[in-house]
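Undergrad: This is what each chain is made of:
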Amino acid sequence: MRGEVPTNGSRSVGIEALNAYCGVACISVREIFEHRGLDMKRYANLSMETRSIGLPIEDPITHAVNAAKPIVDALDAEARASIEILVTATESGVDYSKSIASYVHAHLGLSRNCRLLEVKAACYASTAALSLAFAYVASGVSPGAKVLVIGTDVALVNARAEYLEPTIGVGAAAILVSDQPRVLTLDVGAFGNYSFETMDSARPTADFETADVDGSLFAYLDCFSQSFADYATRVDGADFAATFDYFAMHTPFSGLVKAAHRKMMRELHGAAPAQIEADFARRMQPSLVFPQIVGNLCSASVYLALASILENAPIEGPRRVGLFSYGSGCSSEFFSGVVDEGAAAAMRAMRIGAHLRARHALGFGEYERLLDDNLRCLVAARDRVVDARHSEAILARVKNRRRMLVLRRIENYHRKYELI
Amino acid sequence: MTETEISRVVKDSIVTILPYVDRAGIRGDCNLKDLGADSVERIEIILVIKQRLAIDEPLARFSSIANIDALIRFLAEVRSA
Chain A
2 MRGEVPTNGS RSVGIEALNA YCGVACISVR EIFEHRGLDM KRYANLSMET RSIGLPIEDP
62 ITHAVNAAKP IVDALDAEAR ASIEILVTAT ESGVDYSKSI ASYVHAHLGL SRNCRLLEVK
122 AACYASTAAL SLAFAYVASG VSPGAKVLVI GTDVALVNAR AEYLEPTIGV GAAAILVSDQ
182 PRVLTLDVGA FGNYSFETMD SARPTADFET ADVDGSLFAY LDCFSQSFAD YATRVDGADF
242 AATFDYFAMH TPFSGLVKAA HRKMMRELHG AAPAQIEADF ARRMQPSLVF PQIVGNLCSA
302 SVYLALASIL ENAPIEGPRR VGLFSYGSGC SSEFFSGVVD EGAAAAMRAM RIGAHLRARH
362 ALGFGEYERL LDDNLRCLVA ARDRVVDARH SEAILARVKN RRRMLVLRRI ENYHRKYELI
Chain B
26 MTETEISRVV KDSIVTILPY VDRAGIRGDC NLKDLGADSV ERIEIILVIK QRLAIDEPLA
86 RFSSIANIDA LIRFLAEVRS A
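Here the protein sequences come in this chain order: A and B.
Using this note's numbering, read the first sequence as starting at 2 and increasing by one per residue.
Using this note's numbering, read the second sequence as starting at 26 and increasing by one per residue.
So here's chain A without its partners, still in its complex pose:
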């Protein structure tokens, strides 16, 4: 491990367990380009193979539960009872008042002595919640406490979204924070933030999202530079090229991560193109394996990237990871932590790669039939019975499907679920 980040003598804190759920169906990004008549020249810069797509029987609550349940089910009763805070982080709320966390709490069977809340800060929300969770655990106000943070989102896109459509994924990442950091030990006190008001992308209604592409990408890059600069004011000798073995980045699409890395290596280190390319392959590419076959997982994106490193990089001994989270609007954070062989083993036990490979690859016609139903996912309805016929036909074709929570109906605005 190169570089030294001070731990400020604090107690050990970080991520105890991490899992991601990214749907049971996917579509080839090339097929979307071909059927929509999008410019194939842009396909290369996206660097994406497939995108996950939700079914009409799925919503942000089912994604959250399906990501978190393997973590919670693996805990003994005492450990489960020590989850004192459940936070759902999402830009896919289903009610102006009632939190997604209230449903998730019930379906995970967590203690009634648990705080529940939902947070919103576009794709930065999970990291915002996680930073506060780290501080809660590190503060020692409740020794042995655990915090469960779940980033969960759905996609609201169809043909009108143009080049956004192929990049958006669906799903959730569940992150258990505690003083037993088996997956990532936080560098306590090593963080940097950068935020300013901008209208780069937004979800102004329950079935529509809008994006100023250049505004969003430029804000992302400014925030990456500036949050790292803020991190460097807190960490003596922080060096972009030498301090970190890997990076886990918010990944709207892999081409942007590549541009961000190139920018930093040029501006901070004057690196030559061949050196940048080799460094990207070594320190960045392992984090992109999963995002390239899922798409932008919004609030959970950084943590899918971290899982990708742990399942796909050769981790032998302690390795420092730099993590960058960006949310439109905008707010961002760069922070770091240490992973090791034990973390990689814990991650492999979640079998995220196997879960992704088992998704059913849809044909374009079948994919398109799902889009209108998916656009209704967050739209308020007093009463609605979910038509599950198409979804169940797809589920029947998923290899080795795990048990999963699904949405059955809405009764007097109350969502009703079933574990199948």
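Some hints could be false.
[Stated by the list, open to error] Computed list of lysine to aspartate or glutamate pairs in DMTMM-like fashion (alpha-carbon distance at most 20 angstroms, straight line):
| hint | chain 1 | residue 1 | chain 2 | residue 2 |
| --- | --- | --- | --- | --- |
| 1 | B | K75 | A | E268 |
| 2 | A | K264 | B | E28 |
| 3 | B | K58 | B | E69 |
| 4 | A | K99 | A | D384 |
| 5 | A | K259 | A | D280 |
| 6 | A | K259 | A | D240 |
| 7 | B | K75 | B | E102 |
| 8 | B | K58 | A | D213 |
| 9 | B | K58 | A | E163 |
| 10 | A | K42 | B | D59 |
| 11 | A | K264 | B | E69 |
| 12 | B | K36 | B | E69 |
| 13 | A | K42 | B | E69 |
| 14 | A | K264 | B | E82 |
| 15 | B | K58 | A | D40 |
| 16 | A | K42 | B | D47 |
| 17 | A | K259 | B | E69 |
No lab work stands behind these hints: they were computed from the structure.
Use these hints to put chain B onto chain A, whose structure you have.
TA: Here is chain B on its own, set in the frame of chain A:
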């Protein structure tokens, strides 16, 4: 630096990133999308221009510039500030 000199840097930077573009065909009322640049290439063009002109302006300030003429005027203002 005059606007003519800045214009030369802008056009040189565009053809560095988009080698298929005819330099003589870059008109002031075109924007980078008109010239065929995708989102990543637009980032790269602005980064190369910033580097060659040695300016340290946040990228977010470039996002709403309408066309090449407006970009040249903006760069001239930043350089003279």
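Undergrad: Hey, A/K259 versus B/E69, does the alpha-carbon distance stay inside 20 angstroms?
TA: 11 angstroms, holds
Undergrad: Decide if the proposed pair is consistent with the structure: A/K259 and A/D280, CA atoms, cutoff 20 angstroms inclusive.
TA: 11 angstroms, holds
Undergrad: Straight-line Cα separation of A/K264 and B/E28 no greater than 20 angstroms?
TA: Violated, at roughly 26 angstroms.
Undergrad: Check the hint pairing A/K99 with A/D384 against an upper bound of 20 angstroms on the C-alpha distance.
TA: 17 angstroms, holds
Undergrad: Are the Cα positions of A/K42 and B/D47 separated by 20 angstroms at most?
TA: OK: A/K42 and B/D47 at ~18 angstroms, within 20 angstroms.
Undergrad: B/K75 and B/E102: Cα distance at most 20 angstroms?
TA: Holds - the C-alpha atoms of B/E102 and B/K75 are around 13 angstroms apart, at most 20 angstroms.
Undergrad: B/K36 and B/E69: Cα distance at most 20 angstroms?
TA: 13 angstroms, holds
Undergrad: CA of B/K75 to CA of A/E268, is that 20 angstroms or under?
TA: Roughly 11 angstroms between the alpha carbons, so the hint for B/K75 and A/E268 holds.
Undergrad: Please verify whether B/K58 and A/E163 have alpha carbons no more than 20 angstroms apart.
TA: 14 angstroms, holds
Undergrad: Just to be careful, I want the Cα atoms of B/K58 and A/D40 compared with a cutoff of 20 angstroms; is the pair within it?
TA: 12 angstroms, holds
Undergrad: Can you confirm whether the C-alpha distance between A/K264 and B/E82 stays at or below 20 angstroms?
TA: 14 angstroms, holds
Undergrad: Does the alpha-carbon distance linking A/K264 and B/E69 stay inside the 20 angstroms limit?
TA: 9 angstroms, holds
This entry does not satisfy hint 2, going by the numbered hints stated previously; all others are met.
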